[in-house]
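> The primary structure of each chain is shown beneath.
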Amino acid sequence: MWRELFVNNPVTTLAVAALVFFIAVFAGAVVWVMSRRRGGHYAHMASLPLEGDDGSQDHSNLDRRGRGGQQR
Amino acid sequence: MDTAGTTSRSADAVRITYDDSVVRGFTLASVLWGLVGLLVGLWIALELSFPALNFGTPWLTFSRLRPLHTNAVIFALVGNMMFAGVYYSTQRLLKARMASNLLSRIHLWGWQLVILGAALTLPFGITQSKEYAELEWFLDLAVVVVWVAFAINFFWTLAIRNEKNLYVAIWFYISTIITIALLYIVNNLALPVSATKSYGVFAGAQDALTQWWYGHNAVAFFLTTPILGIMYYFIPKAAGRPVYSYRLSIIHFWALIFIYIWAGPHHLLYTALPDWAQSLGMLFSLMLWAPSWGGMLNGLLTLRGAWHKVRTDPVLKFFVAGVTFYGMATFEGPLLSIKSVSALGHYTDWIIAHVHNGALGWNGFMAAGMFYYLVPRLYGTKLYSTKLADLHFWIGTFGILLYVVAMWIAGITHGLMWRAETADGGLQYPNWVEIVKQIMPLYALRSVGGGLFIAGWIMMIFNLFRTMAAGKATDGEVEVARLVGATAGPSNWKLVFGAPLIVSVVGMGAAYMMGGFSLHLAVLGAVGLLAVVVVSGILLSRAAEGGSYKWHNLIEQRPLAFTVLVTLGVVAGGVVELLPGIVLHREVPVALDGSVAVKPYTALELEGRDIYVSEGCYVCHSQMIRPFRSEKMRYGDPSRIEESMWDHPFQWGSKRTGPDLARIGLKYDSLWHYQHMLDPRSTSPESNMPPFPWLAEDVVDAAFTTKKLKAMKSLGVPYTDEEIAGAEAAYKAQAETIVKDLAGKGATAKAESKLVALIGYLLRLGKNQVPANTASGAVR
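As they're listed, the protein sequences go chains D and V.
First residue of the first sequence: 1, per my numbering; consecutive thereafter.
First residue of the second sequence: 1001, per my numbering; consecutive thereafter.
Since the hints were made in silico from the structure, they are not lab data.
Here a beta-carbon is modelled for each residue, glycine too, at the ideal position from N, C-alpha and C.
Just so you know, not all the hints are guaranteed correct.
What the hints assert, rightly or not - These stretches of chain V come out as covered by chain D in the derived footprint (C-beta under 8 Å, 3 or more residues):
| hint | stretch |
| --- | --- |
| 1 | 1088-1094 |
| 2 | 1239-1246 |
| 3 | 1283-1292 |
Given the sequences, and given the hints that come with them, work out the whole structure.
The following block contains the structure:
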């Protein structure tokens, strides 16, 4: 069967298959990342840029309704 | 550490004064050098419409100024901007002042000296002719010294930091420092033959692959990764919100740096480069879509809940547009890497559109956004005029769009007209100038677009200078908890060389070995490689969730482990792609009649070739005929890999503002070249090529040719001792033959002139014999 695959498939087919496989893996990883809400774990690192020059935490990261973003 | 007086310590806390003077220095350098680079770009754009604008002056000529434009924009505008962003954000993210004031100053002033060196050499024809790596060997050494100073200062600062974790921006900076060092050194390995001239150690296809491994990754790791780091710091800062997804940034980072390094060969599709390398380049370029867009979306989604700020804040306006242009450019890049799209777009102005999409839209706008954010803070005041910044934004956006759309149309027009055939199978537009005429209005439109962008840049300079004048240079200060004690968890060794890496390396090795058997197996190996990535991810995930340790969290706390992993990630692609070409034995090809098929250049031809390089002919002319029917009809048989095997450096080119020259020696005689170089419109009416009258007056030092032949021999070019000893005499004899030939046709030339040497080289092009073991390539 493998021999058949090599003989009968032009290289472009396999290249496209490799690409589709990659995109699927990448998309799967992204979905996995986005679907699991564990905001606390990375919250500290994600908010590092928000610390002011005086060492204070910048609390302006609230939207107009006063909500903070969920860290993914 | 020479930071005395800037840091005071108590038992648990430390008060830090950031070194913001170096940030101010790089900011000023970026905006001012940037203006120079942009103006040179506008000038040479106008020269394409009005070629006489070089006024018959060598250093004002398009082909000499174009490298100055590209180098100024890349290394002066973006380089200085990037360093400003790195110094500002690194200190704040690590809660530490830069480790050494001295190294910061060496970096700042050393970089400016390198730029000055570029400005004083490139217009005068002192160049290696490798795109974005044109600087000659003595400036390359200076770049390395400055880069090492930067690296030591950066990693030293990591070592004395007061923040346990390295934020994502720092990862991107680490990848930039490591990878640019690697790329720059390998691509610029050269043998000096004088104070201002060297020959690269690689030749022909090997040189082409190395150059575009460098060239593509200069875009990746100089124009992209550091700016992504800046994006990850400054967008949250300006929006007042944390990055949308820290986890996505992890995937973005590792996928991007690993995949990017493989994509270089997409600059060489349908060339004489082996097919396997071309396919690899195309495949990895397409894969780049995923991490690039992942990063773009992560940047834009950081603004969730803060989009209303974009209406009023020019900083966010520039950042949002910049990241959007990044999305456009990183969609277009992989698209152009598809072989059938490349067949249409390569060598045309479509590539120029793509480049400016990224350079003006992504780099230019991210720079503007960052400067509007930084300067008021660095001078303790408010921005002089928000309205002027808004006007800059709109005029700049309109300018970029005008530029890019004009070049898109010009490029596609170019590509279609080159290949257009008549009903009976001939070329519909055999005269090159006929094609050039069609895109002249678009060249004018491009100049208008570029001019608008520059007008916006000048507004920004005015705005920033008024802001500086209203404030006073201020360094940030902060009191932070001191970071003490070693990081808990497994050792660096165990972190780096744990199961995930072993699995990855074994998987990559297996995939590579499969490629040795057949291309089919290589592609299957690529699929296997991706499976390895999945397995590694699962192993890492299990290690984290099993409670033993959180792997990525730990390597974020270990700069050494992190840097080793980054190095392994970027080295993999380079080794797999470059190694076969470097270790392969160069066999001298033999023709059917038993003679050497590709003879090394004669002394005169070699000098002529050096003049071709020095004048920057490669900027507008390729020497690589692709295997298409239309190209065979227009230029002759497709180029073969062995034809450029003695070329240090290769001259395949990347743009055809003028026609391909690979077989020009078979087409025209010495008189045509003579007239064409002195007045291009005398042989090609309406051509937009500049005149090169100084070539008739400037002379070649034939005595120096002997030294050049010796250098070539030491690089592997098979010159005999007799040829080297008789180089000067042979030079004069061949020059006299050309002079006599010209005289017979009514033209006068000096035998020692550069013009005669260049004619000698051009007459040689395409006159190699076909090796006995070369199968004729299929023509598409």
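> Each of the hints needs a verdict: does it hold here or not?
Cross-check of the supplied hints:
1. 1088-1094: holds (count 3)
2. 1239-1246: It holds: at least three residues are needed, and the stretch 1239-1246 of chain V offers 8 whose Cβ sits within less than 8 Å of chain D.
3. 1283-1292: holds (count 6)
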